[in-house]
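Engineer: As you go down the protein sequences, you meet chains A, B and C in turn.
The opening residue of the first sequence carries number 2 in the numbering used here; numbering runs sequentially from there.
The opening residue of the second sequence carries number 3 in the numbering used here; numbering runs sequentially from there.
The opening residue of the third sequence carries number -11 in the numbering used here; numbering runs sequentially from there.
In short, the hints are calculated from the structure, not lab data.
Be a bit skeptical, because a hint or two may be false.
Said to hold, decoys possible - Below, computed lysine to aspartate or glutamate pairings styled on EDC-like, alpha-carbon distance capped at 20 Å:
no.: 1; chain 1: C; residue 1: LYS169; chain 2: A; residue 2: GLU194
no.: 2; chain 1: C; residue 1: LYS38; chain 2: B; residue 2: GLU180
no.: 3; chain 1: C; residue 1: LYS163; chain 2: A; residue 2: GLU194
The lines below spell out each chain.
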Amino acid sequence: MTDQGMFGARGTGDTSGYGGLVRSAASTGSSERPYGSYFDEVADDLERAYPLFSEAIERVVVDRGELTLHVKREKLVEVSMILRDTLKFEMCMGVSGVHYPADSGRELHAVYPLLSITNNRRIRLEVSVPDSDSHIPSLVEVWAGNNWHERETFDMFGIIFDGHPGLTRILMPDDWQGHPQRKDYSLGGIPVEYKGATTPPPSERRSYK
Amino acid sequence: MTTFDPYAPSRDTTEGTVYSVTGQDWDSLVQEIGSTKEERVVVNMGPQHPSTHGVLRLVLELEGETVTEARCGIGYLHTGIEKNMEYRNWTQGTTFVTRMDYLGPLFNETAYCLAVEKLLGITEDVPERATVIRVMMMELNRISSHMVALGTGALELGAISPMFFAFREREIVLDIFEMISGLRMNMAYVRPGGVQQDLPADAIPKIRDAVKLMRKNFKDNTTLLVGNSIWMKRTQGIGYLDLAGCTTLGITGPVLRSTGLPWDLRKVQPYCGYENYDFDVITADTCDVYGRFLIRMNELEQSLRIVEQALDKLEKLEGAPVMVADKKIAWPAQLAVSGDGMGNSLDHIREIMGSSMESLIHHFKLVTEGFHVPAGQAYVAIESARGELGAQVVSDGGTRPYRMHFREPSFNNLQATSAMSEGGMIADIIGAVASIDPVMGGVDR
Amino acid sequence: MGLEEKIPSGFLLTTVEKLAGYMRKNSLWPATFGLACCAIEMMAVGSAAKYDISRFGMEVFRASPRQADLMIVAGRVSNKMAPVLRQIYDQMAAPKWVIAMGACASSGGMFNNYAIVQGVDHVVPVDIYLPGCPPRPEMLLDAILKLHEKIYDEKLGSNRADIIKEVELAAMNAKPTIEMKGLLA
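Only chain A is shown next, with the shape it has when bound in the complex:
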């Protein structure tokens, strides 16, 4: 932030906003040990309890005081059970999906924040799946509270959770087509009519990056 200057043009230099909203993918990259604070303990405990650690965990990212473990979807249930039983992460704060269309092959991410009441710790699990095969094993048997969260992530992003007891739409009407919070789904607003002119909806206005 300090190198670049807060304001000013980036990329093509077009500040008029007529180019529309342009999105870029988030940064990827792993963090080096030592991670700092309790993250090293968590990583060590997990490695000890789960010998296949390096196969299952693709990446460990420590950013802004938070630990994110990128897990492969095949090993997700095993890792979650170990985290819940051995490392005492009793509560899962839900699932949220993120759609990175620019990141081909890993477009849909599901993020699980975990909380340990016994040790007063927080970490995050992240699973990436491609658009063409957006299946993730369901964690309802590990943490029952994920039931509705997985339904919501399915409803909003189209990620299908295998093994979910009843994966249906929860927020949109039952016969809705499409998954609204994906980046390729338009916001769906209508132009606002005034006397003699209209204002376009927020997704079609001039927008800065």
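Dock chains B and C against chain A, hints included.
Structural biologist: Chains B and C in isolation, oriented as in the chain A frame:
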């Protein structure tokens, strides 16, 4: 369609499959259930119902008066706030986020602003006066939210006077909000970097008087309900959910504290300087509706204690800034009330038009484009009136959020309805849902 | 009115329309249709704590639409809720009126997106639009008083048929907003 789904039968038309979800399919539903030869009735306590705390749909399978299955239908208030925020400034996000959990707008705003500040890296730079004001407003919001919970909970169980008392107290708090921020509800007062404007000159004595008045008024509700044998019969032993149930369902807030576990994020993972305030975490160990009711009543007193301590701190911090010092992030406007209402103060206009070119540039760029937030993701959790409110923010380095997700406590807590009500009677569901205190705006977002 | 002063006391002269209007406006019972934030302000109005609606005889918010006259749509109406809204409106017995309370009910408000119906008049006919986000309780009372005046002036019988014809003709010939000239034209 070869499989028959009694809850959403469909038929194929020339325009594709059409589902019938208006509820006029009960004939086929009753036929299906009737063939099982049991006295089971499926009742729909639909989205419009006086006792369902907002637009919540409860589908109950009853055997006489006993509930054998209870399922929640939500989504009737889904507003697409999270997607809408992807097309707005980081600062404009406050106005959207405030309307999610509409009984605790300041909690939503603070969680969002803390997450944005974490991404910006300015958590240490937010001035202390702003943090203390945030704490004070959040605790006042907790009082007003608990008042609605108590009032409507009592109303749904048949007691009407507590609602009047509760809303009277709420009016006192809303008057304070109006004096400080200009609006009673949905104020968009907390912004990334601080708060929108400082307290007016005579705010602190007025708030002290209000605190004294509220302390006196809370006794009305307490004498009416605590120890009242009718109330206790309606609420004791109802809506039982123990610690194992709470942790597996991810339930936090008064429901978790009614199991005896003193888990309050203000104490265990303090934010906004909560470690400097002296207050108690209220728990109960009965795991039922009565315990949660007592927790909420006692949390009111604790909130008043925090407000008084915050007022003492504010008196010492007179004149301090309320917005972060970095002019490239701080919301530029100083607001003042003039002839045509509240708007940019004339001093500020004089400064940006007359003396400082830099201020003009900052004002222009911040209002039109907004500030850039470095890429990354952050999750910040605060203790709202209903439980743990988490804001998950993903940024791609731009002026608009890339993805904004709220982990609302009511969304998780409502999943407990089935566990709490199956096996009980219909009238007990009302009590159980009232004790969860869901706010459908937060559930559906 | 002059005739009443000349006759010895005990007479009041009025028209059937005015009498019916007077009776209807003074005992209007709202239906509970609180959806979101505006519902909380509506509860503040109905709770007799500071903004008392029972001085107009309206504190009985009937849950059953059959017993209600007025539907105050308070809050944002999502696409999932719209059929429910229409069904409740249909279940109400005539005469019935609708107040669209708040910006979201009047026009979709700040939520111009896939999930919210852009104005509840896409679903039910609205009599009074009340802006605000949320409107203050006093604003809701003002809207209700304006509705009272509207109800008082409603015509019956053949007068009503005439008025309906007039209103429809005006609506058919009305210019859409986008063709109107604003202040700068």
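Engineer: Look at each hint and say if it fits the structure.
Structural biologist: Each hint tested on the structure:
For the hint linking C:LYS169 to A:GLU194, the alpha-carbon distance of about 12 Å falls within 20 Å, and the restraint holds. Pair hint C:LYS38 plus B:GLU180 holds up; C-alpha atoms about 15 Å apart against a cutoff of 20 Å. Between the alpha carbons of C:LYS163 and A:GLU194 the distance comes to roughly 13 Å, so the proposed pair stays at or under 20 Å and holds.
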